[in-house]
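Build the full structure now, drawing on both the sequences and the hints.
2 protein chains.
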Amino acid sequence: MAASQVNKTAHTFDKTKFEALLNRRFFYAPAFEIYGGVAGLYDYGPPGSSLQANIIAEWRKHFIIEEHMLELDTTIMTPAPVFETSGHVARFADWMVKDTKTGDVLRADHLVGGVLEARLAGDKEARGVAASPAAADDKKKKKKAGKVTAVRLEDELVKEYESTLAQLDNYTGPELGELCRKYNIRNPDTDNEVGEPQQFNLMFTSSIGPTGQHPGYLRPETAQGHFLNFSRLLEFNNGRVPFASAQIGRSFRNEISPRAGLLRVREFTMAEIEHYVDPDDKSHVRFPEVRSQVLTLLDRHVQESGSSQTTQMTVGEAVDNGVIANETLGYFIARIYQYLVKIGINPARLRFRQHMGNEMAHYATDCWDAEIENASGWTECVGCADRAAYDLSVHTERTGHPLVVRQALKEPIVSEKETAEWNKKLLGKTFKGDAGVLQKLVEELPEAELERLKGELAQGSAVVKSADGKEFQLTPELVTIERKVFKQSIREYTPNVIEPSFGLGRILYTLLEHSFWAREQDVDRGVLSLPPVVAPTKVLIVPLSAREEFAPIVQEVSAKLRRAGVFSRVDDSNTSIGKRYARNDELGTPFGITVDFASVQNRTMTLRERDTTDQRIGSVDDVIAAVTDLVNGTIDWTQACERLPAYDGVQAIE
Amino acid sequence: MAASQVNKTAHTFDKTKFEALLNRRFFYAPAFEIYGGVAGLYDYGPPGSSLQANIIAEWRKHFIIEEHMLELDTTIMTPAPVFETSGHVARFADWMVKDTKTGDVLRADHLVGGVLEARLAGDKEARGVAASPAAADDKKKKKKAGKVTAVRLEDELVKEYESTLAQLDNYTGPELGELCRKYNIRNPDTDNEVGEPQQFNLMFTSSIGPTGQHPGYLRPETAQGHFLNFSRLLEFNNGRVPFASAQIGRSFRNEISPRAGLLRVREFTMAEIEHYVDPDDKSHVRFPEVRSQVLTLLDRHVQESGSSQTTQMTVGEAVDNGVIANETLGYFIARIYQYLVKIGINPARLRFRQHMGNEMAHYATDCWDAEIENASGWTECVGCADRAAYDLSVHTERTGHPLVVRQALKEPIVSEKETAEWNKKLLGKTFKGDAGVLQKLVEELPEAELERLKGELAQGSAVVKSADGKEFQLTPELVTIERKVFKQSIREYTPNVIEPSFGLGRILYTLLEHSFWAREQDVDRGVLSLPPVVAPTKVLIVPLSAREEFAPIVQEVSAKLRRAGVFSRVDDSNTSIGKRYARNDELGTPFGITVDFASVQNRTMTLRERDTTDQRIGSVDDVIAAVTDLVNGTIDWTQACERLPAYDGVQAIE
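One line per chain: the protein sequences are A and B, in this order. Position 340, counted from 1, in the first sequence is what UniProt numbering calls 340; the numbers after and before it change by one each time, with no gaps. Position 408, counted from 1, in the second sequence is what UniProt numbering calls 408; the numbers after and before it change by one each time, with no gaps.
Note that these hints are calculated values from the structure, not bench results. One thing to keep in mind: the hints can contain errors.
Remember, identical chains collapse to one label, so a pair may be satisfied in a single copy or spanning two.
[Said to hold, decoys possible] With a cut-off of at most 27 Å between alpha-carbon atoms, the simulated BS3-like pairs for lysine-lysine come out as follows:
| hint | residue 1 | residue 2 |
| --- | --- | --- |
| 1 | K579 | K410 |
| 2 | K487 | K417 |
| 3 | K484 | K417 |
| 4 | K61 | K429 |
In this text the structure is predicted, and so the values were computed from the model without any measurement.
Dropping the structure here:
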């Protein structure tokens with residue numbers, strides 16, 4: 001795409017203008033705005049809905065169709081026992097602190113992080129260190145968390161703060177309380193002290209049915225809906241493992257005090273994959289296809305040492321060196337990277353950060369987050385966790401329904417061992433109530449002991465002792481010990497689960513940030529350089545005016561594009577062509593077709609590319625063919641320019 | 001489609017076999033099944049998810065894209081004030097009765113309906129009237145509602161029961177209580193009396209944020225999310241009316257005791273359109289396109305007279321005769337019909353029933369339900385209501401945010417009227433505290449009175465009297481009355497809303513029922529004749545075996561179909577081709593391609609049609625071209641047969 005010819009980073013990111021654009025063009029808006037809004041709830045307008053639908057469609061193609069995953073659609077409302085078993089009722093919580101005087105509630109880690117960052121910014125100011133534009137933006141943002149005042153800190157303290165921040169996600173509630181006392185951290189809005197951190201469960205509660213006796217939760221993730229259906233999924237897949245289930249759907253988290261726009265919301269659409277593997281074999285058959293993919297990694301050891309220094313390495317190296325736990329986890333991390341870059345995330349602002357020990361969810365054994373940099377820092381947008389056998393095991397235990405794989409072994413496993421055969425009648429008669437105890441005692445003896453017993457019995461009799469010192473006299477009439485052959489043709493195991501979990505709203509938001517820029521010659525006119533694959537509208541058809549003579553050709557172009565599967569819109573509103581294009585630059589529409597008098601007379605049209613504002617000219621059919629190929633990604637703008645000559649009448653319409 | 005050559009109705013519908021198929025192939029299953037399940041909550045498995053996704057995709061095409069609707073995605077969690085305003089907190093409720101001894105909760109209308117139907121069935125049995133298969137099925141179903149015992153009823157009572165049933169949806173709670181007493185209706189499970197009907201609100205409640213002070217509801221419909229965004233939508237549409245917003249999303253209703261599978265659930269996906277029109281002009285520009293569409297109608301007068309007799313008429317006649325209230329409502333009813341038939345609903349089992357007076361939702365002025373017949377009777381699957389200006393008006397009133405259209409008039413409305421001009425200084429000095437009262441009094445006088453006053457003032461002075469008898473003496477110095485010209489160039493109005501609202505789960509379920517049949521030669525093998533447009537998989541590729549020599553051609557066919565946009569699956573499992581096709585008949589896969597030794601040697605393949613099991617043969621590329629055209633609906637099976645010769649080696653593979 002010729003977008004690379006345009007210097008989109010010439011201007012620093014202007015968050016105010018960016019947010020004004022999203023609001024003006026109704027990408028999204030606070031829900032219930034005319035009722036004053038509710039923190040953490042947002043509605044998507046037409047371009048936001050379209051963008052989300054396209055992000056989802058590409059996700060379905062990239063993951064579900066490409067990997068033959070089994071799609072599910074399970075319910076949001078969930079009876080309490082399910083989340084009691086999964087551990088969410090006990091542990092799906094954040095630490096909150098209360099202002100000791102006003103009772104205001106704050107999230108403990110955000111409070112500590114915000115105040116320490118504000119103090120570090122104040123220190124920089126006192127030392128006269130030039131603030132970068134990003135830092136200035138940081139400062140604005142952090143105002144809420146604590147006024148930035150130019151106070152120089154001890155060098156030692158600066159280091160302590162920086163180290164604390166690098167490990168912020170790793171502190172327990174009591175440790176966060178300790179930090180508040182140690183560094184005298186108060187509620188920045190009131191300067192009051194805060195109390196001890198308390199856990200607040202993030203699940204929304206409700207009640208199912210008319211009696212009020214059946215508590216329910218709104219799911220905070222779609223995952224449990226996959227696990228509970230594991231047996232049906234396995235059967236649908238003809239009993240074969242590995243395989244994956246996938247689901248796109250709404251989830252809910254009752255965040256303590258969400259303030260970060262689409263980055264922290266109480267209701268969100270997520271896309272989750274649960275990939276089931278043999279715990280003894282986490283290789284992936286398609287790993288060679290991604291082995292050489294280079295990734296930016298931030299592993300747990302680096303963070304635990306108090307640093308945020310990333311490393312570049314191929315996913316092959318990362319798995320070989322044990323940085324990423326196994327091939328399947330590595331495969332999905334690489335596939336996540338490829339998906340995000342394909343839809344338009346800037347790869348230079350994308351990293352994978354490993355969870356630290358305390359940070360990891362209760363179910364995970366290894367976890368990497370795809371973090372995307374944006375105006376508020378690095379934000380987790382995709383998690384990729386190895387949940388091991390945790391979920392399937394706990395549900396099996398609770399329900400008695402075995403969520404396991406029964407694998408027919410190609411070669412049965414043959415083993416031999418010494419086995420006791422009892423004369424049951426004699427056993428009962430001789431030992432009465434102790435018969436069961438004795439039997440169990442002998443059968444649990446180690447192989448060597450059984451061999452000893454066998455030898456002694458061959459001599460006429462033997463003695464075994466129970467743990468509490470009771471002695472039993474055995475005879476060959478009572479028991480014989482023989483070497484027997486065992487054949488095992490079925491292996492039963494609980495699969496492990498690798499889970500890539502996507503927060504689609506966060507991806508949508510960071511994608512919009514990465515796509516936003518302004519032209520040097522017109523800094524007030526925003527442009528969203530969304531790739532055609534996700535752009536809400538692919539082609540804008542712009543007749544010179546709403547006059548009837550343009551209608552037939554507009555209809556023809558519209559119909560031909562629809563038949564080619566290209567989503568277009570007509571804008572015949574009563575403003576200049578330039579203004580109509582400006583509006584569509586803000587909506588991220590990558591291509592524009594102008595229909596004018598020449599179109600009517602000569603059947604030619606012009607084609608405009610959004611990022612360069614280049615205009616080319618060609619016959620109706622040539623332009624349609626070129627724009628179809630552009631949208632499908634089979635050619636880029638440079639190649640389109642080889643097909644269509646430049647249009648020199650720019651002044652007339654721009 | 002050659003399906004018409006197959007007698008699919010030769011066998012009566014076997015609900016047991018049908019449900020076994022849906023369960024076996026994991027179209028859907030009770031959610032949380034391994035925890036014992038929760039009434040009214042279901043999970044969709046892979047084929048159910050795909051079928052739902054295809055139904056939604058076709059809906060998007062048929063409505064959103066075809067009509068340039070503005071799509072939205074709004075939140076489910078809703079703060080209480082919104083539903084207080086909309087009337088849902090007070091009125092979105094069903095009537096329930098409690099068993100006076102056990103406390104069991106029953107829905108009042110379902111209780112009355114079930115018991116009366118059971119008594120009528122018993123009466124038929126006593127009279128020796130041959131029960132039709134459908135009636136037998138009815139009997140089974142009604143067992144829950146009341147044992148069918150052969151008791152003959154008075155002729156008069158039979159008529160009363162039938163008339164009561166025809167109007168069942170029209171009774172208020174107290175009337176249902178009256179019916180229970182009059183007909184001695186008891187809880188059929190226990191034979192205990194039931195108490196007075198009480199209202200039970202169907203919205204799930206929750207609480208937003210950590211303080212517990214912000215009650216919230218899960219939306220029971222998506223509509224309010226549209227209305228609250230009306231101003232933004234109107235602006236996005238450049239201020240033009242009519243236009244429509246559309247949304248597909250999850251909604252929740254805490255049903256009292258759901259027992260009817262997918263037909264009555266507590267969580268469901270719906271698709272809703274809100275079409276905003278000028279209240280003075282409910283014509284529709286595209287109405288001529290649907291005018292001759294014939295519909296089966298059951299209007300409110302027929303029902304209120306105690307009958308269920310439907311009428312066939314064109315939508316044009318229905319609107320002309322005032323049966324359907326207006327063109328826009330008629331247009332959407334016709335479009336709903338066309339959509340349902342396109343995705344495979346049997347038009348002979350589809351009718352539109354008008355709501356009766358008491359039945360109508362609190363916001364509606366006219367409402368028609370698309371009802372689809374299935375094993376449990378006629379079920380509402382789409383509602384199409386004229387909500388008038390209700391919602392926009394109440395939200396405007398509550399929030400002070402005007403949800404109105406401001407229309408620039410092409411021709412300003414010019415009017416003249418007598419207008420009072422005051423000498424404000426003198427007015428205040430003369431009348432002090434009464435000045436305002438006097439001013440208001442004069443300005444509100446009718447035109448004729450003003451003219452009289454004008455005449456008197458021309459004579460020197462005039463008197464006006466207030467309602468409470470106070471007299472004011474006016475002079476020409478104090479006030480002059482003149483004829484002035486007024487020009488109104490903006491018209492402000494609250495639009496009316498026509499709302500088509502689709503329950504996608506109910507449509508999906510009835511579609512599956514209408515698609516199910518069994519072959520005469522093999523009654524145990526079910527077939528789902530889903531149209532290609534919604535079938536979960538379009539083409540099954542079946543290699544003779546999993547042997548490596550078939551792999552290249554399977555991959556080639558797979559890739560070519562993917563490029564043509566046709567979703568296929570490969571089944572190389574270790575069973576006979578016949579069994580693999582049988583499994584896919586149950587999954588509703590319309591076409592099958594067999595790859596065998598001839599394919600490897602001569603590059604020919606066979607193509608199988610699901611409903612007829614006809615097999616044709618052709619070159620790889622000819623078969624791919626034919627199946628692509630079949631799936632896209634550009635040719636039917638008869639035309640495909642003209643392109644591809646019959647295959648005579650059926651025995652070998654079926």
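Against the structure, the hints:
1. K579 - K410: For K579 and K410, the Cα distance is within 27 Å only across copies (24 Å; inside one copy 69 Å).
2. K487 - K417: within (11 Å within a copy, 106 Å between copies)
3. K484 - K417: within (6 Å within a copy, 114 Å between copies)
4. K61 - K429: neither (70 Å within a copy, 81 Å between copies)
The structure shown violates just one earlier hint, number 4.
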